[in-house]
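Protein chains in written order, with the working numbering: chain E, 1 to 328; chain V, 1 to 319; chain C, 1 to 328; chain R, 1 to 527.
No lab work stands behind these hints, which were simulated from the structure alone.
Treat the numbers as computed from the prediction; the structure is a model and nothing was measured.
Where hints are given, some of them may not hold.
What the hints assert, rightly or not - Listed next, the in silico DSSO-like pairs over lysine-lysine satisfying Cα-Cα at most 27 Å (straight line):
hint: 1; chain 1: C; residue 1: 269; chain 2: V; residue 2: 61
hint: 2; chain 1: V; residue 1: 283; chain 2: E; residue 2: 160
hint: 3; chain 1: V; residue 1: 37; chain 2: C; residue 2: 26
hint: 4; chain 1: R; residue 1: 372; chain 2: R; residue 2: 329
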Amino acid sequence: MTDIATMPQPVSFGRRIKRFMADRPLIPLIILLVILVVILQILRPGIVNERWLANTAKFAIPLAILAGCQTMTMLTGGIDLSVGTVATMSAFIMATQIVNQDPAVAFLLAMLPAVLIGLVNGIGVGVFRVHPLIMTLGTSLIGTGFLQVYQRTVIASGAKIPDFLNWLGTGVTYGFPNALLLFVPVAVLIVFMLNRTGFGRLLYAVGDNERAARLSGVRYWQVIVALYVLSSLLAGITGLLYIGLIKAPSLSLAEPLVLPSVAAAVIGGTSIFGGRGGYTGTIIGALILTVLTTLLTILQMPEGGRRILFGFIVLFVTAAYLRIVEDR
Amino acid sequence: AGKYTIGISNTVQGNGWREEMICAMKAQALASGEVAKLNIAHRNTDAAGQLEDIRNLISAKVDAIVVNPADPAGIKAGLEEATKAGIVVVAVDQAVTEPSAYIISNNQEQYAYLGAKWLFQQMGGKGEVFYMRGAAGASADSDRDKGFKKALAEFPDVKVAQEVFTGWQQDQAKQQILSFLATGTPINGIWTSGIDNVIVDALVEQQAPMVPVVGADNAGFVGQLNTVKGLVGAAVTNPGSIGGAGVTLALQILDGKKPAQQTVLVNPELWENATDAGKAKLKSAADPSLSPEWPVSISIPDWTTYTKDQIVACKGPGE
Amino acid sequence: MSRFIRNQGWVAGLFALLIFLFVTTKLIQPGYGSGDFGSLARAVLPYAFAVAAQTVVVIAGGIDLSVAAMMALTSVTAASMMNGASEEYALFVVPFVLVLGFVLGALNGVLIVVTRAPDIVVTLATLFVLQGAALLVLGAPGGAAAEWLKASVIGTVPIPGLPDWADAWAPKALVLLVVCLCIIWIPLRRSRLGLSIYAIGSNELAAFRSGVPVARTRIIAYALSGLFAAMGGLSLTISTGIGAPIPGPYLLASVAAVVLGGVALGGGKGGLLGPIIAVFVLRLVRTDLTLLAIDPNVTAIIEGLIMVAVVMFGAFITIRGRPVGATP
Amino acid sequence: MLEPRTPVLTTNELPKSPLLDATGVAKNYGAVAALRNASLSVLPGEVHALMGANGAGKSTLVKILTGAINADAGRILIRGQLLDVRSPAAARRAGLLPVYQEPSLIPDLDVLSNLRLTGTPVEPFRAWVRELGIPNLDIRDTARDIPLAILRVLDLARALAVEPDVLLLDEMTAALPANLAEKVLEVVRRQGDAGRSVIFISHRFVEISALCDRATVLRDGSTVGVVDIEPGIEEKIVEMMLGTRIEKTRVAARAANDVAVVGGSRPRLSVRNLQLGTKLNDVSFDLANGEVVGVFALEGQGQDELFATLAGSIRPTGGTIDVDGAPVKFSHPSDAIQAGIAYVPGDRTEALAMQRSVRENIALPFSAGLRKWGPIRMRREQVVVSGAIGRLQIDTRAQGEVQRLSGGNQQKVTIARWIAANARTILCFDPTRGIDVGTKQEIYKLLRELAGQGKSVLFYTSEMEEVQRVCDRVIVIFGGRVVDTFPVEEADEPALMRAAYGLPRGARADVGILADVRPASDAEAAS
Ligand SMILES: Nc1ncnc2c1ncn2[C@@H]1O[C@H](COP(=O)(O)OP(=O)(O)OP(=O)(O)O)[C@@H](O)[C@H]1O
Ligand SMILES: Nc1ncnc2c1ncn2[C@@H]1O[C@H](COP(=O)(O)OP(=O)(O)OP(=O)(O)O)[C@@H](O)[C@H]1O
Ligand SMILES: [Mg+2]
Ligand SMILES: [Mg+2]
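One chain only, chain E, in its complex shape (with noise of 0.2 Å):
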């Protein structure tokens, strides 16, 4: 019919980078993130080195692995709150629990209440379409009451970071943070299972029209549930690996990095509407927040011309990176 021609037209130096750019937007994202390295190298010339290199790897992870949890759910059109509330939950009855039970059965008991609130979530999110946000809202709200309940039953007998843990949270091997063992492993995961599992398929087709999902033959709710409580999990060894990063069980641990692991998805370029976005570009805005917390630190400023500061920037680097990459 119509022939398959694209059109042979000369193109500006410009207009190809962009074009390159646009079919490739991670390059834009890692550039604006170089930027920001640099200005931190020249505000405190000396300060990227192996070890600072290290420690922002070490809190852009946990970051990230929520992030992760972001960007699965927000594919489908999603958002998963309780996230933090998870992450703290399973951290704070591991280093309760290890005090006197099998690491094992602590471990279990850890994972036991990211797997019921993930459950939870998604048959209301699936099944009875509550909105995620509502639901999760409401489970992390329901899950910090049991929390503090249980804190109660466990003053007594104290807390302890496994060592395994604490190893893993901050410990560097050959200037690598051990926790990456666990990170390239996840992300790799992730990142397969978004672009080559039928899974990873539905959660797009889901969030973009879940109607055409449903005459393909998709059970929503079975995707739907399966997917919360793949985040649920996430998110509760995120926290046990947070706990050997923190090493302060509190019973707020986590809820800091809620707010930030939307940001980074949404930074990542990932779609609050569903339907659109990947995780690579999620971790690598997990690691400009870090980079700019850090950036924040050691600027010598009012904390209200910080928090200014790091508002504009977050705003600069969204815009700017929307820029790049749309074709229009």
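Following the hints, complete the assembly by docking chains V, C and R with the ligands onto the known chain E.
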């Protein structure tokens, strides 16, 4: 067994210090034998939310309200209404501007002054200090800032190398200290607003040179002061058990034993590990069985009567 | 009739729930009277404005993460301007702060339109910017409010022709709330602008093709959100007599009430009445929990459960009551 | 009804200066050139056809003329004045009113609010709606709850109500059943008589011949010619559109005994007394293996519900469905798919994940079941998907996201999915909606081929001649029941129409303008 209903209002949830405060209130209410029921409003909110809680407590017709104010001035109206309704009002931890309220408070300004002064003396009166504050915009934080600045003014050769707000969050504090260490800026001391054990952890992990650290009497930090090699530091007491003292004060007033003045200040102590006397004190204070976030000073002499088991059990009357 | 049920059924159901809660309250505490109702109205005030702010943008298909920060900024601005100033000066402060909110809200809209970044990122960025600005205005809680302003929410309004006992149930705070919301909302709802706000939320492309000036409408929606948030900020200053630079728990509460109130996150549907009733429901639940002297840790669980249960129930009846052949 | 129209205007005469004159219009989307060099000149009082294959750029041109998108190049004059349409609002002010290919009412607003939003006067709108054959519209109904066909008509009425100088209709009739399409044509034609101009896009030659004065033909984004509509011009237009002559394919229905041979004696699908609330009453019919059964009905007679029920989308309230002789109960479309029954909905936005690629859309059913959640065999998928793309000749220049395909190509993707999945039974609901002549032939051929392989097809269409082109049998639905069944030889249009109006055999039905011109210009059949 008791005859009074006591209402409690607190606006920070999930933080070890505040949890201990609530447990102290419950334990004291139980130990006193005078309280029939506690009515606790304990959540994360602001002054307006606390006003709501106080008014709800008034509706619930409690006999006394013990409140840890979100802000000294912001809940004045609510406290006034409570007094008008014949309810005894006691503010703990921080002062309030409502004149009819009784106050039993940790002296936040003195808290910061004491620790900072000791720190600057340890530093030999000169050098750079890393100043890790609490939550920007919180009134307790700004009170402590006054104390810190007062000490700073006494040591003209001490400079603030960097000032950060931890938001009283462990993870933020840790990321901040690591970032700061990575800059390689030399420092001679660290003052923290009670987020302390993660700081020592960071110094140890990074094998950074140990500098004097001042923190609070949290179980974790006290333990570190006793065990971490090369760590010189001091814990300034900031007992969460002040909550129990507040309940005691409220009961005294209900029983008609009014105190001489409206305000009772509990002055902080400083436990350091630079001297042998100090070391002994720290040893006896240490309590590894407590959650690292809990202050070890779980009781206040003359003000609280519960046992350790009671506060750890964290049960109020009727539970 | 069936159309009424379809369009207003949810709001009517919420209202029934509210009445049920009032009855429950009276049963729990037989002494619950007009004074306590006045307390409820005052507690509702800041939440209701926050929710109104959120509702406008959600209907327009966006979300505003900066409402709480906007409230903090406007609150500290008002408090610090009135600090030590004369009573009359407040007459100038109030409109000034309202205009400030309107302008800053419009700025949110402009940034969204210009950067083409998703609403959630832009308002997340402005959340930090406004928070920072609030800290620059007041480093710690402080400031003051004019006495006449404080008096404007205390007590009741004598309504001519009504007996005193009935007047007692018309607390000033409630009247103020109703007047402020109605002055803006009712004319808006009837205007072409109001329709345009619904239109861009419902289907932006179709709205554009129908000749709606999409960018301008979006900016106005955010400006209105800023205006409502400023009212919320003022109400904070008025009720506490100070300004606090740390944002209160109004962001998540506003989103939750919006959803409970039957406004679809995604836009185009719902009204203001539902979310406002939802705020009353949520506040009254808190009152009841306090009156019942429930363990505070359990209250978190109960609040979470109620939130999830109500929305689940709503979703459930919509699934059941869907006409044959309609969209799944 | 109306007399067949004799063209009053021809290119040679040019009695007046053009009302609308666009030249050199170009538009690129990244590497895709949607329009290269389009021109269009419309005289006052003229009904002007805009023709071209799927993806030729018709819709893009309409969008540019009405300010919905900005052109990269080109000049637009209206009444000789240079016009800079930067927004749909500006175009409205200039008297240009479009009805786009996709419905433009705001889904969550009721009809009245939609009118107020666009400043459309209500009374004229109501009058037009009645005129267009919808007597009992409730303007407080929310647009979302209104069926697609009616929405299209409302879109048109809304445009007519403001009395535009130039009305641009982009495939206005594609989604309409015969009775509504009929009314639209009447109204449009009177529009022309009243001195207003209409730009009319359609892939149906019958409509073009019945209605239009002249036609501008687009190919690959460029205008390749302007012709007067006169008897016998269709073949020339087709040649201009496609660049080649298309192969003659009169797809013949096979004899009934053939069907029996391929299909065996047991029907593939057997529906008995199917009941769905008030929408379906007692529907019974069989679909054999290797058979194409047509479904013919006017708007809203229950055909949508019938298809949705067979597809497992809605649960019937009564009756039985047997597949290969065994009773089935579908509670979800996946049950139907499991039984080998695939559904191609009429509304493509219901079938496609618009932001995903053509490939992912086609391969979607492969991942649906729980067992298929694992790794995807990419190479196998590639082969299957490109086979289906080739089979349907999908223009995949903009294959990154389906939403960037032209309407017709999107439609093809919805069918390609089930060709790739090799479904045994396909329920096609108006599959040629918005598809150009050339591709239509391909689809007819495809359906016949499928039947030849022993697959069965249930085929709803709003175009009567398609029935004769592809079906073995036709069932006619009226008021939620099957009122008649015709073997294809007897399914001539008067008979179908009569049955569709619920009239007994032999009575005379109102078949209007199309039936009148039909014998003269059975373009697609002839080409
Ligand atoms: N937003 C877009 N991005 C990329 N390409 C586009 C976009 N919109 C249209 N196109 C491309 O422009 C070309 C022309 O599309 P257009 O919709 O104008 O075709 P059409 O002639 O209306 O076809 P049909 O008859 O199928 O409706 C197609 O190849 C289409 O893929
Ligand atoms: N992942 C895939 N990629 C490409 N094509 C596929 C894929 N999965 C299935 N198909 C195609 O879809 C059609 C049906 O395949 P499918 O494996 O679902 O058949 P099946 O009857 O379920 O077989 P089995 O019982 O062996 O699983 C086949 O034509 C096959 O080529
Ligand atoms: Mg088109
Ligand atoms: Mg199979």
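Status of each hint after checking the structure:
1. C:269 - V:61: 42 Å, violated
2. V:283 - E:160: Holds - the C-alpha atoms of residue 160 (chain E) and residue 283 (chain V) are around 20 Å apart, at most 27 Å.
3. V:37 - C:26: 20 Å, holds
4. R:372 - R:329: Holds - the C-alpha atoms of residue 329 (chain R) and residue 372 (chain R) are around 23 Å apart, at most 27 Å.
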